[in-house]
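Novice: Add chains B and C to chain A, keeping to what the hints say.
Chains as they are written, first to last, in the working numbering: chain A, 1 to 256; chain B, 1 to 197; chain C, 1 to 197.
Treat each hint with caution, since some may be false.
Facing chain A, according to a computed beta carbon distance under 10 Å, are these residues of chain C, among others [stated by the list, open to error]: (1) His62; (2) Leu75; (3) Leu156; (4) Ser158; (5) Leu173.
Which chain B residues stay away from chain C? Per the calculated CB distances, all over 12 Å, these [to be verified]: (6) Ala27; (7) Arg28; (8) Gly36; (9) Gly61; (10) Ala132; (11) Asp161.
No lab work stands behind these hints: they were computed from the structure. Built from N, CA and C at the ideal position, the CB exists for glycine as well.
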Amino acid sequence: MEDLPLEYEAIPATAERDEALQLSLESWEGPLDLLLTLARSQKVDLRQISILQLVEQYLAFISEMRAKLELAADYLVMAAWLAYLKSALLLPKDPLEEPSPDELALRLQLRLQRLAAMREAAARLLARDCIGRDVFIRPQPEGLHDVRVRRWDASLYDLLSAYGQVKIRTEPAIHMVSRRPVVTLDAALHHLERLIGVKLDWALLSDFLPTDYDGPLRRSAMASSFVAALELARQGRVDLRQDGAFEPLYLKATSQ
Amino acid sequence: MIDDLERAIEAMLFASDTPLDARQLAARLGDEKTPGEIRAIVQRIAARHDGSGIELVERGGHWHFQTPADLAHLLRRERDDPRKLSRAASEVLAIIAYHEPVSRAEIEAIRGVQTSKGTLDVLMEAEWIAPAGRREVPGRPLIYKTTDAFLRHFGLESRKDLPGIEDLRAAGLLDPVDLAFEEAIGELDLVKDGEEA
Amino acid sequence: MIDDLERAIEAMLFASDTPLDARQLAARLGDEKTPGEIRAIVQRIAARHDGSGIELVERGGHWHFQTPADLAHLLRRERDDPRKLSRAASEVLAIIAYHEPVSRAEIEAIRGVQTSKGTLDVLMEAEWIAPAGRREVPGRPLIYKTTDAFLRHFGLESRKDLPGIEDLRAAGLLDPVDLAFEEAIGELDLVKDGEEA
Chain A
1 MEDLPLEYEA IPATAERDEA LQLSLESWEG PLDLLLTLAR SQKVDLRQIS
51 ILQLVEQYLA FISEMRAKLE LAADYLVMAA WLAYLKSALL LPKDPLEEPS
101 PDELALRLQL RLQRLAAMRE AAARLLARDC IGRDVFIRPQ PEGLHDVRVR
151 RWDASLYDLL SAYGQVKIRT EPAIHMVSRR PVVTLDAALH HLERLIGVKL
201 DWALLSDFLP TDYDGPLRRS AMASSFVAAL ELARQGRVDL RQDGAFEPLY
251 LKATSQ
Chain B
1 MIDDLERAIE AMLFASDTPL DARQLAARLG DEKTPGEIRA IVQRIAARHD
51 GSGIELVERG GHWHFQTPAD LAHLLRRERD DPRKLSRAAS EVLAIIAYHE
101 PVSRAEIEAI RGVQTSKGTL DVLMEAEWIA PAGRREVPGR PLIYKTTDAF
151 LRHFGLESRK DLPGIEDLRA AGLLDPVDLA FEEAIGELDL VKDGEEA
Chain C
1 MIDDLERAIE AMLFASDTPL DARQLAARLG DEKTPGEIRA IVQRIAARHD
51 GSGIELVERG GHWHFQTPAD LAHLLRRERD DPRKLSRAAS EVLAIIAYHE
101 PVSRAEIEAI RGVQTSKGTL DVLMEAEWIA PAGRREVPGR PLIYKTTDAF
151 LRHFGLESRK DLPGIEDLRA AGLLDPVDLA FEEAIGELDL VKDGEEA
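Just chain A, same shape as in the assembly (with noise of 0.2 Å):
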């Protein structure tokens, strides 16, 4: 249909131009459906069917129709179209032209006859043994159903857990807070004192720790002495020397 002139196309579709089709081709959906009940009318089998004869019927119905009423756009493009396929058809073949005027008539033919048949498919499957029309089912039946049952769960752990938990919540808090192993600060200054008497050269801050202290002890030890020191060295009472960062720590009583 790539040969229709423009100006068909360019038919605006009113409102009022749909009821006239409605009046006057209310048979028809569309112009495919008319076609094919002119190809009826010929009483032959589709594939035998006069392409020529089917146009000439078409152009004579359009016409005839368009005296009375104006016609929707596509009942005159295909017109239009079947009117160039009417010349093509009789004029003397062009054999350089594409496509040929046989082939278009072919195509024509070939969408006739499947819309021929599926016409008959949906009659033939109208016609069959309906449900609500021809057959019947139970109206209400009973239905089958799944029916959750809520099913809980718990283990003997949880209950058990559950109730030290409630014990715990609401037994009289005692608070134990237990002994941490530390050497107060009170503690290192009165031992740093005592010992800086006894050592006169420098010596390292470590060998001021009791020996027999270690882990978490010794580690609060060695801090608090440090900080003894500091003030001790704050008060004038030592000198402190490191030789670099994170070198040990030396101390001496000062010299007074």
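Specialist: Positioned in the frame of chain A, the structure of chains B and C alone reads:
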């Protein structure tokens, strides 16, 4: 004496509000029954009801009870308003059933007119057609197919039972026009070649 | 061979949305049948379905098809929906088990928090607790105890099998939270020391 399994399956099919297949029956029985065993029992039930006022029919692998068609005149009443399909809707339905899966453009190519949105909606609302994915061509159009409810409503055991589908297929009437055209042109060319020789 | 009248009545009873009596059946048949004749045919239909998965029953002179009551379990399948008991419900259950019989107010006093009605409902739904009369105090509150189902579920022979407070303490279930915390911290310190050494 009807055995327990047969009674159970008969009761399930009778009480269900949707047709059931062998798998659904087996699942509900909670038993180690194969679909083949279930099928054999269902055949027995159907045979037992044969010729009575209730018949057990198979539609798309699912079974349901219904009344025989020859008793329709006794059962049809005024209030029963069978869904009357428009000509357009029935054609579209037939095209989908015989060509499925098929896109709207393909439906329109056969009918030569645009398909209004309402036509497909009516068929989908009736649950006779359903979208079946998209065609992998430019634009990826939706394609449609018919449903089990379609088979059930029109009393078809399977798509093979569509009236005349084998004849239509053999005649090439379910092939697209382009394909049929190529074939027909081929024949024409052969004839022409014969003439020239 | 089932006669036409019997088939027709069977189909009518099947397709009707309400039970039908002899008069209604006769009217639909549009035939000069007496209620007595109709009744005899209905009896034949009922006898034919006897012992199958479908039965024809009479209720106040009206007949309808239904599935036999003994097959109800197939039509209403029960499925387990397992749920984990909430923390609060576990606590309440444990308190009832250790202190039974016990009232809601007493449970709240032991837990130190309010107990919602829903929690007791869940435990009753699980059939682990049951009301055990009323406490003869002002207000006569309901008291609760655990059930045999409770013992079965938790694998206990009797309530005496519940571990005592000392057992719980030995199992670490009564360890105060802050003590457990201290211990955990202590372990961390040891690890650090080990690294330094």
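Novice: Sort out which numbered hints this structure fails and list those numbers smallest first.
Specialist: 1, 4, 6 and 7
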